[in-house]
Amino acid sequence: AQSVTQLGSHVSVSEGALVLLRCNYSSSVPPYLFWYVQYPNQGLQLLLKYTTGATLVKGINGFEAEFKKSETSFHLTKPSAHMSDAAEYFCASGRGGYQKVTFGTGTKLQVIP
Amino acid sequence: ETGVTQSPTHLIKTRGQQVTLRCSSQSGHNTVSWYQQALGQGPQFIFQYYREEENGRGNFPPRFSGLQFPNYSSELNVNALELDDSALYLCASSLIPSRQPGELFFGEGSRLTVL
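Just so you know, the protein sequences line up as chains U and A, in that order.
Sequential numbering of the first sequence, starting at 1, is according to our numbering.
Sequential numbering of the second sequence, starting at 114, is according to our numbering.
FYI, nobody ran anything at the bench for these hints, they're computed from the structure.
Mixed in with the good hints there might be a few duds.
[Stated by the list, open to error] Derived EDC-like pairs: lysine to aspartate or glutamate, alpha-carbon spacing no greater than 16 Å straight-line: (1) U:Lys100 with A:Glu216; (2) U:Lys49 with A:Glu195; (3) U:Lys49 with U:Glu66; (4) U:Lys108 with U:Glu88; (5) U:Lys108 with U:Asp85; (6) A:Lys126 with A:Asp198; (7) U:Lys100 with U:Glu88; (8) A:Lys126 with A:Asp197; (9) A:Lys126 with A:Glu195; (10) U:Lys100 with A:Glu167; (11) U:Lys100 with A:Glu166.
Chain U with its partners taken away, still in its complex shape (with noise of 0.2 Å):
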């Protein structure tokens, strides 16, 4: 069975420094993976997405990840924190067809000004 692991529940960055979400995934074969994000109340949003072909994804807000599958990492970067990334962020895996998501345990992005 596939899923993810996210390190570190809560994280706290200074507005404009370096953000650093890590997510290890365990499957026998390389997943599909996601990272999504949530604000207060609200659902979750697709931030970018690793299905095949380039390592290093791109997604919107400025965030990218990269994936390492001799690492079975998927962490999660972006170059400059603003203070509207806090929110909280959920690694996921998925596969084709079935579609079904698993989700890590998400973690929570303070930015401190």
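Given the structure of chain U, go ahead and fit chain A onto it with the hints provided.
Just chain A, lined up with the frame of chain U:
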């Protein structure tokens, strides 16, 4: 393009009661998935409906049931409510087959409180 809409947004029930949550999928989508998100947790897959039939189920008891209608809207029904059923229930629509595998479009959720 109409997004995913859910109703009601908030509701309070007492233990033992039954609840029905509703979801209208995004225009052009034929698949609806339901997730339960307990406070401080990630969303947990309940089940998915495709072509009006259940197309996969997570680790939830039979008192969680659903329907999908010909217009692809969906309902989630929970019988014999328990305190632990208090959560945000998220509906997500998608398209099978899809060029964007696993990409889900979420509604804002229905927050259920069981007293």
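Query raised in the report: Which hints from the list above does the structure break, by number from lowest to highest?
Result: 2 and 7
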